Amino acid sequence: MNAAAKMSDLVKVGPVLSRRMMLGAGSGLVLALSLPARAADAPPKYGRDAQEQGWRDDPRIFVALAPDGTVTITCHRAEMGQGIRSSLAMVIADELGADWARVRLTQADGDEERYGNQNTDGSRSMRHWLLPMRRCGAAMRMMLEQAAAAQLGVPAAELSSGGHKVSHAKSGRSVDYGALATAAAKLAVPPRDLVKLKDDSALGMVGQEGIRSLDFAAMTTGTAQYGIDATMPGMVFAAVARPPVLGSKVVSFDASAAKAVAGVIDVIELPAPVTPPMFQPLGGVAVIARNSWAAMKARDALKIEWSASPHDSYDSVTYRARSLELARQPGEVHRSRGDTTGVLAKSAKRISAEYSAPHIAHATMEPPAAVVKCDGTSCEAIACVQAPGGTRDMLGAMLKLDKSKVTVHQTLLGGGFGRKSKPDFVAEAALLSRSLNGTPVKIVWSREDDIRHGYYHTTSVQRLEANLDSGVPTAWLHRIVSPSIVSIFADGITREQGWELEMGPINTPFAIPNLQVETGEAIAHARIGWFRSVYNIPHAFAIQSFAAELAHAAGQDQKDYLLRLIGPDRVIDPRTLGDTNGSEDPDLYPIDTKRLKGVVEAAAAGIGWGRKKKGWGYGIACHRSFLAYTAVAFAVSVDKGKLTVHRADIAIDCGAQVNLDRIRAQMEGAVMMGLSLALTGEISFKKGAVEQGSFDDYPVLRIDGAPRELAVHLVGQNLKAPPSGVGEPGLPPVAPALCNAIFAATGKRIRDLPIRDQLSKA
Amino acid sequence: MAITLKVNGKEQSYAGDPDMPLLWYLRDEAGLPGTKFGCGKALCGACTVHLDGTAVRSCQTPMSAAAGFSVTTIEGLSDHGDHPVQRAWQEVGVPQCGYCQPGQIMSAVALLASTPKPTDADIDSAMSGNICRCGTYDRIRKAIKRAAGVAA
Ligand code: FES
Ligand code: FES
Numbered sequence: 111m112n113a114a115a116k117m118s119d120l121v122k123v124g125p126v127l128s129r130r131m132m133l134g135a136g137s138g139l140v141l142a143l144s145l146p147a148r149a150a151d152a153p154p155k156y157g158r159d160a161q162e163q164g165w166r167d168d169p170r171i172f173v174a175l176a177p178d179g180t181v182t183i184t185c186h187r188a189e190m191g192q193g194i195r196s197s198l199a200m201v202i203a204d205e206l207g208a209d210w211a212r213v214r215l216t217q218a219d220g221d222e223e224r225y226g227n228q229n230t231d232g233s234r235s236m237r238h239w240l241l242p243m244r245r246c247g248a249a250m251r252m253m254l255e256q257a258a259a260a261q262l263g264v265p266a267a268e269l270s271s272g273g274h275k276v277s278h279a280k281s282g283r284s285v286d287y288g289a290l291a292t293a294a295a296k297l298a299v300p301p302r303d304l305v306k307l308k309d310d311s312a313l314g315m316v317g318q319e320g321i322r323s324l325d326f327a328a329m330t331t332g333t334a335q336y337g338i339d340a341t342m343p344g345m346v347f348a349a350v351a352r353p354p355v356l357g358s359k360v361v362s363f364d365a366s367a368a369k370a371v372a373g374v375i376d377v378i379e380l381p382a383p384v385t386p387p388m389f390q391p392l393g394g395v396a397v398i399a400r401n402s403w404a405a406m407k408a409r410d411a412l413k414i415e416w417s418a419s420p421h422d423s424y425d426s427v428t429y430r431a432r433s434l435e436l437a438r439q440p441g442e443v444h445r446s447r448g449d450t451t452g453v454l455a456k457s458a459k460r461i462s463a464e465y466s467a468p469h470i471a472h473a474t475m476e477p478p479a480a481v482v483k484c485d486g487t488s489c490e491a492i493a494c495v496q497a498p499g500g501t502r503d504m505l506g507a508m509l510k511l512d513k514s515k516v517t518v519h520q521t522l523l524g525g526g527f528g529r530k531s532k533p534d535f536v537a538e539a540a541l542l543s544r545s546l547n548g549t550p551v552k553i554v555w556s557r558e559d560d561i562r563h564g565y566y567h568t569t570s571v572q573r574l575e576a577n578l579d580s581g582v583p584t585a586w587l588h589r590i591v592s593p594s595i596v597s598i599f600a601d602g603i604t605r606e607q608g609w610e611l612e613m614g615p616i617n618t619p620f621a622i623p624n625l626q627v628e629t630g631e632a633i634a635h636a637r638i639g640w641f642r643s644v645y646n647i648p649h650a651f652a653i654q655s656f657a658a659e660l661a662h663a664a665g666q667d668q669k670d671y672l673l674r675l676i677g678p679d680r681v682i683d684p685r686t687l688g689d690t691n692g693s694e695d696p697d698l699y700p701i702d703t704k705r706l707k708g709v710v711e712a713a714a715a716g717i718g719w720g721r722k723k724k725g726w727g728y729g730i731a732c733h734r735s736f737l738a739y740t741a742v743a744f745a746v747s748v749d750k751g752k753l754t755v756h757r758a759d760i761a762i763d764c765g766a767q768v769n770l771d772r773i774r775a776q777m778e779g780a781v782m783m784g785l786s787l788a789l790t791g792e793i794s795f796k797k798g799a800v801e802q803g804s805f806d807d808y809p810v811l812r813i814d815g816a817p818r819e820l821a822v823h824l825v826g827q828n829l830k831a832p833p834s835g836v837g838e839p840g841l842p843p844v845a846p847a848l849c850n851a852i853f854a855a856t857g858k859r860i861r862d863l864p865i866r867d868q869l870s871k872a
Numbered sequence: 811m812a813i814t815l816k817v818n819g820k821e822q823s824y825a826g827d828p829d830m831p832l833l834w835y836l837r838d839e840a841g842l843p844g845t846k847f848g849c850g851k852a853l854c855g856a857c858t859v860h861l862d863g864t865a866v867r868s869c870q871t872p873m874s875a876a877a878g879f880s881v882t883t884i885e886g887l888s889d890h891g892d893h894p895v896q897r898a899w900q901e902v903g904v905p906q907c908g909y910c911q912p913g914q915i916m917s918a919v920a921l922l923a924s925t926p927k928p929t930d931a932d933i934d935s936a937m938s939g940n941i942c943r944c945g946t947y948d949r950i951r952k953a954i955k956r957a958a959g960v961a962a
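As given, the protein sequences belong to chains C and Z, one line each in that order. So the first sequence is numbered by the working numbering: it starts at 111 and just counts up by one. So the second sequence is numbered by the working numbering: it starts at 811 and just counts up by one.
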């Protein structure tokens with residue numbers, strides 16, 4: 111165990127990580143926890159300006175033009191299925207006037223000093239980068255025109271560009287971009303205030319139909335490179351046996367059987383993490399072998415004695431029961447307007463309901479995977495991470511290496527959904543490589559590793575109460591018992607935090623004068639981590655289900671009632687609700703009830719709301735998240751307990767719509783994932799350990815469960831409007847819309863997710 | 811004794827652990843990472859390849875069982891990425907993250923070989939062993955119909 115001894119000097123992966131890594135956790139956390147108070151007279155920073163390392167718009171960073179005319183665009187954001195590589199390239203190419211067939215993509219390493227912020231989460235890529243990327247393309251176009259003016263001996267003002275060439279209409283001459291490459295490269299980039307963007311009407315790809323993503327060819331021929339495909343010369347393969355319970359440590363282990371497996375090279379104990387967990391490896395024992403198979407087989411042959419852990423008694427059934435008790439008692443008041451409890455006490459008709467949702471696991475199809483080479487003086491990683499810059503910082507801090515000695519190459523991600531924001535798996539490979547004196551180590555998590563050792567979406571029990579004396583409520587009490595994500599970054603966080611409550615509870619724009627949001631104690635016994643759409647998922651489930659329950663109690667049409675709850679058209683300043691708006695400018699992105707109602711109407715029209723079909727039920731739900739407005743409507747039937755989803759309609763208003771095909775794809779995917787979570791998504795704990803392990807006991811949606819018909823409605827296209835988010839906002843309304851449709855079809859109200867076999871029970 | 815098999819038309823010989831699944835042979839030894847790992851338990855279809863034209867889960871096919879067969883992986887499906895199913899996949903824009911798609915395509919090709927004009931039910935039953943966590947199922951149905959030349 112000389113390798114283990116070498117590791118004993120491993121330092122605590124301490125606070126140096128926390129601030130940088132917390133920035134990954136959704137923009138609200140920045141405000142909640144980590145930024146120093148700004149001077150009273152300094153203007154607040156919002157959006158891209160508020161992100162670590164900010165933004166860049168210099169074409170020399172992102173665009174390379176070769177003498178043969180090939181335009182190579184560097185993508186500095188993580189591609190995990192949202193299509194951002196092609197979308198950002200499309201923005202540049204459109205402003206540049208490039209021929210899409212002559213555009214190639216390359217992926218940036220983690221280097222935020224060079225590229226600006228690379229932390230791909232929070233549905234921020236297009237929101238923060240549309241304008242800088244347009245400027246990149248436009249600046250480059252102006253440089254090409256300037257080079258052409260010199261070459262043709264005409265004033266630049268007489269030139270126009272497009273179709274991959276600069277043209278001089280007067281003389282009928284034109285020059286291919288490639289022929290201008292060398293001359294243009296010598297020119298200065300025009301200053302930002304002189305960079306002239308194209309008129310929106312002159313854009314040929316942004317906001318247009320029929321633009322094909324550049325990654326499709328590689329993805330359909332097996333040549334696309336994911337983290338799991340990465341190689342380094344001389345690499346060895348690792349599989350790790352991690353503690354079954356968070357906080358448990360290796361007491362002793364017997365590696366004799368593991369070492370007898372052919373191809374095994376070494377067995378190495380990993381250091382146990384300290385609290386809080388952050389992105390530290392979980393510890394355990396690693397097998398190093400000549401191929402993945404030998405490593406995994408030998409890992410299963412390890413005999414390990416684990417220590418007791420403070421989380422040994424974590425049990426999802428009793429935790430939920432306890433949470434429910436707390437949800438029935440007054441909690442800590444987080445936000446209050448009016449006199450909610452006073453009004454409720456005086457009301458003759460009060461409705462209440464309790465909702466629960468379990469932990470879920472991301473289960474990206476590509477499990478966490480990386481190859482890392484670290485000899486103690488430098489570190490090079492190839493990995494599928496959402497935050498290559500943050501991963502680099504983390505590796506530097508953990509290995510006590512200057513950033514300049516750490517390189518993180520970014521691959522495609524075979525799904526991210528928030529899991530790959532947490533680079534614990536890259537850290538594992540780095541520690542192992544270091545203990546092997548720099549032999550590159552490839553780590554591929556098995557599916558069981560992924561399901562049992564993840565960062566789990568929070569659990570929740572929520573209780574809602576409202577009065578119905580006058581048909582619509584005048585008081586609304588929302589109590590939430592749900593562990594916070596912040597618990598992985600700081601000890602002593604025992605309830606949902608403010609930025610998490612901004613995902614629905616405090617800012618759903620219902621026209622209700624008295625509102626109170628309370629939290630109950632919820633101690634985390636697992637690593638709680640953000641999952642695509644984060645707390646919007648359980649909150650929207652409870653809020654939009656309850657809105658439908660009120661409609662039913664009031665004897666009204668569910669959709670009409672939802673529109674009544676939203677109330678008159680108005681623009682709400684998020685600040686008046688105590689909502690930091692995900693650190694986006696409240697003047698640019700206020701809460702606009704008309705837009706929310708607009709998506710409700712679009713989804714309703716799509717599904718044919720009001721139509722009657724025997725045995726079918728229709729349901730709808732809406733939500734604002736990541737500055738976007740979404741609504742989902744379902745038509746379902748239930749026959750002998752078997753659910754059929756006949757049709758789903760999803761509508762989004764996300765401001766400027768750039769890549770229409772990919773927005774639709776994200777909405778389609780959100781419907782499928784939302785259905786999956788609602789129907790079967792559940793991770794449960796017993797004796798502190800996860801009970802599930804693979805797709806047999808953690809089933810996900812398959813093609814035979816997909817809606818028979820599915821339509822996406824893009825609402826409110828306006829390239830002048832600030833773009834909001836797309837990757838996440840589709841998900842939150844799915845579960846409540848589905849449950850509302852099931853209620854309409856069967857009279858059965860689902861309040862506890864997942865639905866599983868509840869429909870076959872009377 | 812070495813195991814011999816054909817991979818994408820080329821004769822190969824393998825002398826390692828005969829229990830090693832074909833998946834890991836392809837990925838770690840043969841330099842063909844297009845075939846993906848998703849579960850190792852025949853639950854997700856990411857590892858689907860053809861054995862003499864039949865779709866199998868390579869994670870559950872030990873090398874001893876692959877001996878003597880002709881294996882086709884996504885890399886060997888066509889010379890220029892232009893198999894009708896690959897073309898349909900690109901035209902419909904099926905992939906999101908793309909990770910499951912080699913397996914989806916290999917399953918779809920096998921389906922169309924046995925059932926050239928599949929119904930919705932045929933598609934759902936042939937493809938239900940392939941998980942897509944990104945949720946591209948609606949486009950998978952459309953792309954299969956496009957490749958088959960049947961109305962969507
Ligand atoms: S990896 Fe073979 S079926 Fe999942
Ligand atoms: S495209 Fe991502 S898993 Fe299918």
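Derived by calculation from the structure, the hints in this document are not laboratory data. Hints may be right or wrong, so weigh each one.
[What the hints assert, rightly or not] From the structure, some residues in chain Z lie toward chain C, with a derived Cβ separation under 8 Å:
1) Ser823
2) Tyr824
3) Tyr909
[Unchecked claim] Mimicking DSBU-like on lysine-lysine, the simulated pairs with C-alpha atoms at most 35 Å apart in a straight line are:
4) C:Lys722 to Z:Lys820
5) Z:Lys952 to C:Lys724
6) C:Lys752 to Z:Lys927
Given the structure is predicted, the values throughout are model-derived calculations rather than measurements. Built from N, CA and C at the ideal position, the CB exists for glycine as well.
Checking against the hints above, which ones are violated?
Of the numbered hints given earlier, those the structure breaks are 1, 2 and 4, listed in rising order.
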